[in-house]
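**Student:** Just need the whole structure built from these sequences, with the hints factored in.
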Amino acid sequence: MLFQSYAFPVFLAAAAAVYYAVPARMRIAVLLVANLVFFCFADWRGAVWIALSVFTTWGTGLLLERVRGGMRRWLLAACLFCNLALLVLFRYLPVWTELRSVLPGGRAQAVRPDPASAFGLAAPLGISFYTLEAVGYLADVYRGRCRPQKSLLRHAVFLSFFPNLASGPIERADRFFEQLDRNLALPRRRLWDYDRIVRGLISILLGFFMKLVAADRAAILVDLLYGMYADGNSFTMLMAALFYSVQLYCDFASYSLIAVGTAQLLGFELTRNFRQPYLAVGFSDFWKRWHVSLSGWLRDYIYIPLGGSRKGALRKYGNLILVFAVSGLWHGGAPTFLVWGLLHGLCQILEDLVKRGYRLAAEKAAAFRRKRGGAAERSAAFQKTLAGTAEKVPDALSGAGQPPSPGNVGGAAAHKSCPGMLRRLPVMFGKGIYRLFTFAAVSLLWILFRSETLEMAGTCYRNLFTRPQGFLLARTFLFAMGLDQVEFGIAVGAALFLFVLDLVSECRKKEASVWLSGAPAALRFGICLALLLAVFVVGEYGSGYDASRFIYMGF
134 MLFQSYAFPV FLAAAAAVYY AVPARMRIAV LLVANLVFFC FADWRGAVWI
184 ALSVFTTWGT GLLLERVRGG MRRWLLAACL FCNLALLVLF RYLPVWTELR
234 SVLPGGRAQA VRPDPASAFG LAAPLGISFY TLEAVGYLAD VYRGRCRPQK
284 SLLRHAVFLS FFPNLASGPI ERADRFFEQL DRNLALPRRR LWDYDRIVRG
334 LISILLGFFM KLVAADRAAI LVDLLYGMYA DGNSFTMLMA ALFYSVQLYC
384 DFASYSLIAV GTAQLLGFEL TRNFRQPYLA VGFSDFWKRW HVSLSGWLRD
434 YIYIPLGGSR KGALRKYGNL ILVFAVSGLW HGGAPTFLVW GLLHGLCQIL
484 EDLVKRGYRL AAEKAAAFRR KRGGAAERSA AFQKTLAGTA EKVPDALSGA
534 GQPPSPGNVG GAAAHKSCPG MLRRLPVMFG KGIYRLFTFA AVSLLWILFR
584 SETLEMAGTC YRNLFTRPQG FLLARTFLFA MGLDQVEFGI AVGAALFLFV
634 LDLVSECRKK EASVWLSGAP AALRFGICLA LLLAVFVVGE YGSGYDASRF
684 IYMGF
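In this note's numbering, the protein residues as written are 134 to 688.
Bear in mind the hints are in silico, worked out from the structure with no lab data behind them. There could be a bad hint or two in this list.
What the hints assert, rightly or not - In silico DSS-like pairs for lysine-lysine, Cα to Cα no more than 30 Å straight-line:
#1 K642 with K421
#2 K444 with K421
#3 K488 with K449
#4 K564 with K643
**Tutor:** So this is what it looks like as structure tokens:
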């Protein structure tokens, strides 16, 4: 069941109505049934694999609490192997077994067959996401950060929670169980939180706008241009890179918004997965904003256990490379994902080296100023003597007590504020330039992410940088890339609207659904009505339209 399908609103309304109508003790059963229905709509044959993960992690968690000594480590390793083996079976083995298919000419090509056809099995929905949740739960129980869940039903609800099942966010067990316990104990009147419901509905509406108006419309242009990448030029490949940046962000963020909004309707607060990523200042800042739940998972369960940055710069950089290699492979087993992850890790290392060099230069400058401290102290004593002499000047000469002239009204405040503003301008300008550079670099790396093979990525980059003559025919190409003038204008307008929305959220330090829900009623109603009309009038759906799956459902 896709979020943008006609069945989902009916399913969500029915699930929420029953959830609020039944007694508190029955809510856990309602959630579990809703999870099963949502999962089986995708493919009921995959239910056996998620059930295996539920039973193994639940049982191992209980045993980890009772067993002592080295046996705990063996239990943990056995359960992790069982769950990760399923992930490898469905996600990576079909790719790597046929990766080295040598073609005439000695080249290698990545082949990505359907796991179901390769092994006669059905890949379960969201296996990459709920496997990370299961691994995180086991690691937290092993370390004593989370108590093992004694209720099989509650553990099953955690791993199969339908709002974030297919594409995240990746939730932590302790945070989820705390909310679940609270919701199961609250009376109906206290469970129904009007402000939370409003935020949830706004998040869902924003998610549908991003998916149906922006992402799926940008996908038309992207699919066409990448389908003819061999004949592309600088202009067409630049447009493909920019529109794919819009498509990927809007597609993934839209699912996260709908998932967060759906969970809010049921009384849960999921992790905020995106924090205006294209306004990031540098690569490290970008990964604090993009797919936050995955970045946090990799940090807490791989980077920090390996030593993080506590064991010297060389060890830190090795850990970064390993973490981003895992991040790339998590997205897929093809070499393009691995290289994409390694390049992001390399960019973070280069960024850290530049920051270290800047700090070293600043320390040397400070040491140089300290050497001149004696001269500065003598200058300060001289200035103090001059100040004492000035205090003896009669007030009449200094103009004290006289009314200010019209030209000097507010002059003192202006003199105090202007230097501060002028000092901040270079910093603001520098941050703006670095933001543009970060966006451009991330967009270039998305080309590798979108390409099916390394050879395809190399061709795209070569055409982007070696065929500038395409800009001479920009008007000819502009509206011949799958979108006519009106459709192209809608796509650009939607992207600009979302950019302004992110800019406001960045300035207010709040996500859009939060500050929109607290905005004046007229403004809130106007924006929501405009979004609703845009979804129904210009949204990409309906008869004759093949609604594309969310991109991250394939990861």
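**Student:** If a hint holds in the structure, say so; if it doesn't, say that too.
**Tutor:** Hint check results:
| no. | hint | result |
| --- | --- | --- |
| 1 | K642 with K421 | holds (14 Å) |
| 2 | K444 with K421 | holds (22 Å) |
| 3 | K488 with K449 | holds (15 Å) |
| 4 | K564 with K643 | holds (20 Å) |
The structure shown violates none of the earlier numbered hints.
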